[in-house]
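Participant: Now for the letters of each chain:
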Amino acid sequence: MNDKPEDTGAGSEPGGRDIPEEPGASRPDEGEAHSPGRPGPEAAAAEPPAAEPPAAEPPAAEPPRAEAPGNKAPAPGEQRPSTPESPGRLRRLARSRGGTAVIGALVGALLGTGVMAWRADELPFLQRDMCWGSLSPQVAGALFSDTDVRSEELPLRRATEDPMHTECSMQGFGADELESEVTASVRTLGELKGAQAWDWTRQYLSSRMTPLGGDITGMASSQRAWVALPTSCHERSYEPGEDPPLRVVTLASGASDPDYVNEVDARRGLDAMSRAVVRLANGIMERYGCEGGYPDPPKLPGPPEGKSVKALDDDRLCGLEGVELPGWARGKDVSAVRTTPGTKPDGPVRGGVRSCDVGRPFGLDTLRLTTVTDPQLAAVVSRVLGRRADRLGGDGEGAHAGGLSVYTADCQRGRAAFVAWDKEPEEGDDTPPDPRSPGLAVLPSYVKSEARHAGCGDVEVKVPRTPTL
Amino acid sequence: MAPSARTPRHRVVLVLVSVLVLLGGATLAAYATRTGPFAKDGYCWGAWSEDGGPGVLGDDYARAAETYGTPGRGEAATCVVAFGAPGTEEMRTPDTGLHGAAPGAREGTRGQRLVARVGPPPRATGGPRRAWLAEALPGSAAPLPDGLPGVAGRDHGTLVLPEECDTGHVPLVVTVRADGGAIELGPEQDVAQLLLSLAKTAREKAGCAEGPPMRFTTPVRTAPGEESYDEGRPACRVPGLRLAPRRGDVRGYAGAIGDRLQSCSLELTDKDGDVTARGHFVLTSHPRLVPLFAGMAGGKSPGAGWRGNGRIEGGDGLVTAECRGRPTVFHLHLDGPLARAATPDTRAVFARAADSVTERLGCPPVGPRG
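In the order they appear, the protein sequences are chains A and B. The numbering used here applies: residue 1136 is where the first sequence begins, and numbers increase by one. The numbering used here applies: residue 96 is where the second sequence begins, and numbers increase by one.
There's no promise every hint is true.
[What the hints assert, rightly or not] One-sided and incomplete, this derived list gives chain A residues near chain B with beta-carbon spacing under 7 angstroms:
#1 1350
#2 1365
#3 1428
#4 1431
#5 1482
#6 1547
#7 1548
#8 1587
Since the hints were derived computationally from the structure, they do not count as laboratory data. Just so we're clear, the structure is a prediction, and the values are computed from it rather than from any experiment. Glycine included, C-beta positions come from ideal geometry on N, C-alpha and C.
If we strip away everything but chain B, and leave its shape as in the complex, we get (with noise of 0.2 angstroms):
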């Protein structure tokens, strides 16, 4: 008697039990592949996920973000991420817009954001391109690692995309920069990896991931601090860039200094500590980086005693010459008050800046000797 009144009483906890234990598995399984009430909130196309590693990305912050276009083959796609501590006034109303801050300014109310983009550098070859390449190749971000194309500072990086997502030779770039109140999205490491999974989405999306994926193992190195160029002291400490302003101060970043890749910002600042002109001096010989200045240097000599093709022009000059068995990129941009300070003039600063680099590199000189 007893056995059999007890039976279904059993029977009822065994499909409890059961029910709950298949519960907890489902539950269980969905945690760990953070799926369902688990998924975890995607940025920027999905490119980037929730504690998806920098710093940016983890618990200290809330984030919201919007995207403009998608990414594809010589098209240009935004992802802009509001990103702040959880409760803040600038999280309960984030700024995502396209145009949310105003270049340059910087008030301390403003909410921080990280600005993504993927596309190819502007069609212009003049001044648009010019200061694409000053932010894209700034002077203020090292190299990255195992020979991947790009850069990583703490405030920026950009990545250039594979030949297979190409339109034309135009390639397709992804940058990130802190934008806003943001003054830094975290380490180069950090950065870098941010990079790496926007490259993975936009190859995905524009339909050119099919070759080996970009990844890095090495450290990434750390992006050079600001330096003054005053008493004496080379710009860039690339001893033929002499700049002797009358007025004010030379101040700039010496970045990558490489056999593929050397790079670097100036600034004139006034008494004032204002920015008055700015320079950018950028030499490479990466095969994925010389087409970033592509058509800029024109079919022609720049002159006599020069070698290779290319054209200087006031405060610019762009000259593409071999250099140990590559094409090489030899590009310097000084705003006026830059270029007026250039000793004795700008072409000669330019040949013998890029003379500087050429002697360290050990290949002939591009300018006219003397």
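This is chain A alone, in the form it adopts within the complex (with noise of 0.2 angstroms):
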């Protein structure tokens, strides 16, 4: 790919040298005096542009156009005369040698910074890709409702310039309003922990997001969206066994989890965000120059939304066999359920992430429940509680504080993580705070449950008999 350009970039200069090549050889002054006689033969292949038929008007139009306003009266004067004897300047510059070498030189500069423009990606008045050259304004333009989307971005930087974060903000306006916006963000997950690694596992991980599905590791919905790229895609070569830090391209558009959007917004909004991101997966790619890119995701099943939540199962919570909810966490506010959608509750955990909802149809506020597969992805969950978290004992590694649990086990594809996190109720509501924490009481039944559609085998957690407070 990148030799092509170079290739035709120079062979456009040869065409720039030859016109200097030529009058170079000799008498600069002779070429002038015989000018009537020469041009045929070489300015016919040096010049095609102007000046050659000397009857015709049109070039004769162009010389005070090309010259010095001062011309412009005495221009239609000369037009008649100008042929052989008085040329225009123009007219003169181009049978001079000389002046073939200037006009070639101009031409050929003219035609350098257009190529150059082309392939920067600079042509004035040409919509651009937005988002690091990877987001068509097509493809930008659908995460949007309103018609005018303007992009700002910070410099793409390499991993190891930049581990944290780097940003690019598309903002779509209406009657010249910000209306909306979404960020775009490439970010190394690997290097997060604590609340900024539990921040992005609550709003990245949701029973609202979908797996993208075939050779992809990622996830999209109506509001957020993430790719992982490739293991192979980085600054430098790793070892086999050396394990890069996972990085990620997101998208983000308003709150992660709103209570309910209505079907139509939810569809086109999955819709886009699942091509998007994967074109913002692959942009970034190429401007990392790795090879390769991803497909766009087939059309992605979403989420159920509002009443058309599934009701809950008290004695098969998430639809998982032998996984109850306690007696005192049953109620009508934990009436509903939501699984990620395109997967089976009961089956194997496709995408390497599956999550589960519960709680009330609009909001599912009560519990989530976190399986995560992929190892990289696990690493970053399993680092979400600190040391001052509570241990939790059984076959593998686990702890648990105010109102989260994470437990870890060696399963096939490496260290898989599992969560349950008790969702913070809603501000007003009436009832107390319960000090038992449902996450903590569902965690061995749902890990023994999860742990064997992970090929994890048989994995045991033991809780504390009273949960701390």
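Mind docking these for me? Both chains are given alone in their own frames, and the hints should help you get the complex.
Facilitator: Okay, structure coming up:
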């Protein structure tokens, strides 16, 4: 790919060089003296643009335009007699060898800048691809319902220079007022821990997200989308067995888990986000110089919204055999469940992540259970809790703090992570906060069930009998 | 007078210029199309050319190649490429012999070689086939992307050609491997590219190029590194695969772990680090990889309580059974010392290992319960 443009660049130069070479030979003065006879063979070869037919009118009209405005008045008068005896200055210029060289150089320079601008994608008046040149106006436009989309981006830097983050903001304007915003980012998840790791996990591994499928590690919803960059796509090559940090591209628009999105917007948003995030990943991969790219994702199944969210089965929480919600946690506020679209609850974990949100149909704000079998992503999730969290026992490792339980175990793909999170109830809830954690209560049976689907065999979790407050 | 004297001189100049322009144009055209004096060296039946992408074909190396046979349906053909820094001793007398490098011999002075092979798997269903499979589908390779039937590691790659190239139901397979002093052939992406160009040429030569071309766009995954399976860690990370040797360490590569292919290579090393036994665990439901195991299962049930057909003898087990609607092969081979390390015994270990995987895939167990 890179060779070709260079070839054409090199090829265009000789064209420019031809002109200086010829006149450089000899007798600059003589050339002018013999001009009537000379132009025949030589000028025809070197200078097709203007000046040739002596009688022609249009070329004669050009000189005044190219020359100083002072020529304007005499121009009409000059036109007739112009031809052989007193040629316009441009004409004279064109006839002279030095002039040929100058014009040639000008044409060459113009062509050169044009080619350069084209190569650098900086042609004026063209709609540019947004966010590091990866999203076409059409793909980016689909993310907005407004017509006018503008973007601003930070420079895209390599992982070693910018370990955390770079961003590109796309803004949709309706009637010249900012109406919505989508943020694209490239970040090294592998370096996140604690609250930052949790913040990402919470937003991007919700049950609203659908795995992109195929060979892509990534997910999308109408609000968020992410794709893991391939490990082969790093600045330096890593030794076999050495794990480069997980790097992802993401898209974010509004709240990660709104209580309700109308079906039409959700569908349109999911289609636009899933396509854009894959294009973004491809664009970044191209900019990083790594080979290959992902095909556009197919039409993905979306999450159910509002009333179409499934009713909760207390004895088969999240559709999992043997996982029960404890009696004290049941109630009318815990009546609905939503699992990662496109995966069967009691089946294999496709795409490396499966989540399940439990609660009221609008909001699902009681409990989230998540299984992460992708080892790189699981490593990020396992760093969510710090050292001060209460340790959990059993076959794997885990901890619990503040309504969040994270457990990890060795599985066929590597270390998998299991998360149980007591989502905070909404403000103004009149029931007093319960010191017991439904997440911690469910964790042992949840891990036991999901560990089989993740290929970890039997995994026992030991939780303290009286959960800490 | 003056003009008439000048004209012939002009003509001469014109003719000269035209000739020069023509010559220049022709040279440029030849260069652009890489023909004539600019033709690039082709290797292995023309499958690869100099500067053809992967580093092995790049400017850093000099190469010499020799072919043995021509790819054809049901026939084996081999091509050996010796490569090395230009001007070195090895490249002055490049070793492109068919049996140039003794297996396992890795002396520092040996020249680097790339051995490409196009051919069907060995007909024998015993040892030779198992050895071939262990080399063709090693754990130290990543599955090829976009559903291509094969794997690519840094030192080895395998790709099964489309059905049109089969003889009977035996597929034609292309492989590349590093040989002699070469430790690797390049990144997985390069190895995959080598495979694809070799596959294209092999299909043309064998007369089965009519189908759609094999290609991929998704980046090739990185092959796994070596792992140690000690202190109670199950071999290959497969929970049922318990190996507890009295002496030595179990190490290995847990490669592809997907829906279509799971592959793992094992080694038992003594305290000097020498390999004393090898093992191989594979599961595949890829319709083009399953035929590589054809004939190994036999037509009988492996025993009471088992699903599907197969046989389990000594350190070898092979069962084909349906899993999620697809015929799936489960294969385990353990050399003597590793087979003796199986806890409680090879039969139980095979059943448990297979069912650790069926559990992950969400299909009913193949082995007897308990």
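Participant: State for each hint whether it applies.
Facilitator: Outcome of the hint check:
no.	hint	result
1	1350	4 angstroms, holds
2	1365	4 angstroms, holds
3	1428	5 angstroms, holds
4	1431	11 angstroms, violated
5	1482	4 angstroms, holds
6	1547	5 angstroms, holds
7	1548	5 angstroms, holds
8	1587	5 angstroms, holds
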